[in-house]
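Trainee: Taking the hints as your guide, dock the two standalone chains into a single complex.
Below are the chains, spelled out letter by letter.
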Amino acid sequence: MSGRVLVGVKRVIDYAVKIRVKPDNSSVVTDGVKHSMNPFCEIAVEEAVKLKEKKLIKEVVAVSCGPQQAQETIRTALAMGADRGIHVEVTGKDYETLGPLQVSKIMAALAKKEDAQLVILGKQAIDDDCNQTGQMTAALLDWPQGTFASEVSFDGDKIKVVREIDGGLETIKIKTPAVVTADLRLNTPRYATLPNIMKAKKKKIANVKPADLGVDLTSRLEVVRVDEPPQRQAGVKVETVDDLVGKLKEAGTV
Amino acid sequence: HESLLARRGRLALGLCLSGCRGLSQLAELPDTHQLLRQTCRDFADRELNPIAAKLDKEHVYPAKQIQELGAMGVMAIEVPEELGGAGMDYLAYSLAMEEISRGCASTGVVVSVNNSLYIGPVLKFGSEEQKREWITPFTTGEKVGCFALSEPGNGSDAGAASTTARQDGDEWVLNGTKAWITNSWDASATVVFATTDKSLKHKGISAFLVPMPHPGLSLGKKEDKLGIKASSTANIILEDCRVPLGNMLGPRGAGFKIAMQTLDSGRIGIAAQALGIAQASLDCAADYAHKRTAFGSPIGKLQAIQFKLADMAVAVESARLLTWKASLLRDAKKPFTKEAAMAKLAASEAATYCSHQAIQVLGGMGYVADMPAERHYRDARITEIYEGTSEIQRLVIAGQLLKEYQS
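Here the protein sequences come in this chain order: R and H. So for the first sequence, full-length UniProt numbering puts the first residue at 1; every next one is plus one. So for the second sequence, full-length UniProt numbering puts the first residue at 1; every next one is plus one.
Excised from the complex, chain H in its bound form (with noise of 0.2 Å):
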């Protein structure tokens, strides 16, 4: 028998050997992801910053801007070179991801769900047939995809999908309705998840892939929504939709598996987009603390300003280390699926608290669309509840915590 102490150690100094290289990773990014990163900001800064406020204003795709970010290979960055991808880490897709919120949260989550949620899947659980088909178009920015799992009856619990599949000669025949589908007026396929058997609860449901438009497929209106109003998100209706049998992916019954893991893959991304939105607001409220005096002097002199700007710095930083060590336990392919939730908690609370003080820093300025500090607050919101709640978060942190002090 081991004791618990002497096991933690050894774990510990496993951890410490293997992830030696990672953990230097974290103090200084290697020479590749440095300059990707500046390549991002750059990007976000010229192309994606100047046009937010009337992307978000008119509710407009950015459909060249996507198209552009294709180009440099943003649209599919895991992706592997000869199916049409980057072929570099999710250490790479965290620092893009960052930066391409920081100028433009919408674009960000376009971003997002077409690397980890639409490809990401595809590209874990497809046969090279379904890559080559379901991935490849979906990598230039011409083409985005989707990821329907989310029912109006179900978000956090989605063992309980009622969209059912049932098969028909050489046919899945897909019957149900989905919600708050983000892409979906834009994207050209979706991963859809439904129960080939009720019964058999979550183990019943098996992950679809479905062309967009296809006959049996509609969309339901666009969401008027608080914040990221460039992406559309509506309702997916499928209506006796039919595709052939070769469109499941994965194994059958293996939807709900397929979903949790693309999910945790996905929090990733979704933690990269919220650290985006924090560090813009931090940005807009240190920038208004030099410009902005009262009592004589800039009100960055003032300590209440000075406290919350330093409480912002240690929220988006912290959140940065957890979600760049998340991003490294993947690619060493480590469990990295309690870093991932902490990462998704912490960067969508930063994000929420950094938006609403900065806010306050600005003061009336903050509550205008003169400056962005209004549309970062709308835009934060939505990363404590899509891809898994704060809530559910919490659960899955606490699920691996408590298995890691079992024994």
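This is chain R alone, in the form it adopts within the complex (with noise of 0.2 Å):
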């Protein structure tokens, strides 16, 4: 096993940010807005490079897909402890219609090429909620997935995955290769460390292209229009249970 691990990073408004729709309601605001990698990502980047001082596995790489800015959070990849990152260039209008289909091609090629053990993603982005690059990244390169990871194990030649599912806890066990993706619980990024900060410098990023790993970037598909959700309307204070359920029936809701 070639012991290398594929983490894939997405760079996305910082989930502090108060989002803010454009005036011609075709995407959100993002000039000028606090971005950073995404929450979920970082605890995939987590697990990875605890993986590697587990010594359970032997390198760690941060992949991204974005415009130059995608470097900066390959960069935090990296002061966690990645060993290097590879920086998938995609900008312009490829980059506003980038989706799961797009970026879960983009891994399962990279993962072939970087002979990889393991794929680990975060169970889905902030931005978008998709939750589909890790299931599909499976899917294309037919590998078993553990996706909502909340805990993960090697077992011999098996990868033993404790999964968030509705109903409580579920435990898998899956061949490698495999794509995994982070849910919350799985563990608590580290914040990087300042000589860490410095040896990321010396840390290489390659530079590819999505033509590069013959993937067609067109998308299947079309955002009409992107909305605020509705204004939270005030309550209304009622005195008694009988007063409460006569609203409810006014409001055919019982």
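None of these hints come from the bench; they were simulated from the model. There could be a bad hint or two in this list.
Unchecked claim - With a Cα cut of at most 27 Å, we get these calculated DSS-like pairs of lysine-lysine: (1) 333(H) to 202(R); (2) 22(R) to 301(H); (3) 257(H) to 334(H); (4) 291(H) to 22(R); (5) 333(H) to 199(R); (6) 334(H) to 201(R); (7) 105(R) to 158(R); (8) 131(H) to 199(R); (9) 112(R) to 50(R).
Claimed, not checked - According to the in silico footprint, chain R covers these stretches of chain H (three or more CB under 8 Å from chain R): (10) 29-37; (11) 71-81; (12) 87-98.
Backbone N, C-alpha and C fix where the C-beta goes; we use that ideal spot for every residue, glycine too.
Mentor: This is the structure we're talking about:
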């Protein structure tokens, strides 16, 4: 086994930022807005680095698809302990329409090219909440998948994944190579240490174009319109439980 | 004879050529420093900001957070990696200090004192053995140090130190009282300044390393301060406190010089702390200006508020550039005494100005603990006093300035 792990990291609008919709309702405002690594991607990087520290895998490669700024996200992954990075350059209109289908094609191509043993992704991105890239990547590669992972361990030549599902926790064993997606409780990501920030400067980030990987970026989806959620209306106070039931019946909800 | 004009022109060109890389760093930070700044900001937002009010109210030392910062390398930024530090420069230190202090000013001062005032002099004046013994254990956040120069009888007049050190066989015996010592109740070691010969005045002062706790060293009561309440401040009392001869730091009689040089660098740290407080105040005021409405619109639309915010932003940004310049000069091993004093003066006055104006923008809400503005106001005040009062900074600046014009 190559002992190589591919980790996908996505640059998204920071979770603390108040999102504003553009006046033409085409998308959200991204210019001048603080961006950071998708929180679930941070968890994915942390898990990969932990596996390397336990000497269960040999190399962590951080991958990000996007414009020049995606390199900042890769560098954060390097500062957390990833060994090298791959920046897949996607810009302009291609970047605006980039979605799980294209990214999973890119990740699948890279997984084959890099002879990856494991691909770890965040379960979803906090901007589009698609929750598809990991699953699609596994399907394209015809690899097993362990999604919504809250615990990952190596069991011989298999990987044991504890998954968070609606009913509780499900434990599965999958053969490698495999795709795993990280859920919230998998780990607590570390802050980059200053020495690692200095070391990250020397780590390599390779530049790749989607065409080099034979990937077609055409989107099958078209965003028609983006709107803010409806303004929350004020509630109504009632005096008694009977009043409450009455009002609910009036509104047709009971 | 070179004319004054020609000489100044030559100096300026020299500074420009050698400082060109430095100057471009003022406009845009290198990648590593941007990542460092972002990492410290994330830490401050997630780990310090949520607890800062509680730390202030309950006067609690942020032990867990200091350990986490230690693990990141923030407690020993300039210390070389082989001694356990982060091996980064003073620009990195200024950035880290500002971001940490923006989250919690008390945590900021703990970080600053450990980096600049305790580790600083040992790194610069200590022997290899002293560095291993007195620096390495203090890089992880588990142990912090402190700096004991001021006394009840003298603060600004550091040369008048009356704490004594007398040699007795193979030991130094220290006697006296030190006042206003930050980190004292949480420290595991201190750099103490004492005189071996009062008749030599400031040339009789030497620096000593004393572990804490230690027989003959006791602490006074924790001061009940206006601000930075989560950091402990107290007297250190030395009564026949004995340390081995090898605990003298630097040459005999060099204590005053060590103290002054240490404070030159410490000033940059405190300037950065003041910047953090000033920025936090500006953040608070600007955010409020968007949300609070009066006379039918958000108050940010009113010129009176806009002028305040603009003045605050100018004060912070100019102080920040002075702080970065002082850091860059120090990193380039160029003289930086004047710039460090200017940075500390500008930043501390920016902190008190911005926190004052932030309360004004918030109105009644600025006066209550529900908003952080009142805490910034209380935290800011000390930055004009410690590590050299604003008056001392002005003397230092004037002294350097007049030397430049002497010809």
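Trainee: Hint by hint, note whether the structure agrees.
Mentor: Hints and how they fare:
1. In summary, the hint linking residue 333(H) to residue 202(R) is supported, as the alpha carbons are separated by about 25 Å, within the 27 Å threshold.
2. Between residue 22(R) and residue 301(H) the alpha-carbon distance is near 22 Å, which keeps this suggested pair within the 27 Å criterion.
3. The hinted pair formed by residue 257(H) and residue 334(H) meets the criterion: a straight-line CA distance of about 18 Å does not exceed 27 Å.
4. This hinted pair checks out: residue 291(H) and residue 22(R) have alpha carbons roughly 20 Å apart, not beyond 27 Å.
5. With a CA separation close to 24 Å, the supplied pair residue 333(H) and residue 199(R) stays within the 27 Å bound.
6. For the given pair, residue 334(H) sits about 26 Å from residue 201(R) by alpha-carbon distance, which is consistent with the 27 Å threshold.
7. Distance hint between residue 105(R) and residue 158(R) is fulfilled; the C-alpha atoms sit about 24 Å from each other, no more than 27 Å.
8. At roughly 24 Å between alpha-carbon atoms, residue 131(H) and residue 199(R) fall within 27 Å of each other, so this suggested pair holds.
9. Taken as a hint, the residue 112(R) and residue 50(R) pair is honoured in the structure, with Cα atoms around 23 Å apart against an allowance of 27 Å.
10. Proximity of the stretch 29-37 of chain H to chain R, defined as three or more residues with a beta carbon under 8 Å from a beta carbon of that chain, is established by the 5 residues found.
11. With a cut-off of 8 Å between beta carbons, the stretch 71-81 of chain H has 6 residues touching chain R; three or more are needed, and the interface restraint holds.
12. Counting residues of the stretch 87-98 of chain H whose beta carbon lies closer than 8 Å to any beta carbon of chain R gives 4, which reaches the threshold of three, so the coverage claim holds.
In this structure, none of the earlier numbered hints is contradicted; all agree with it.
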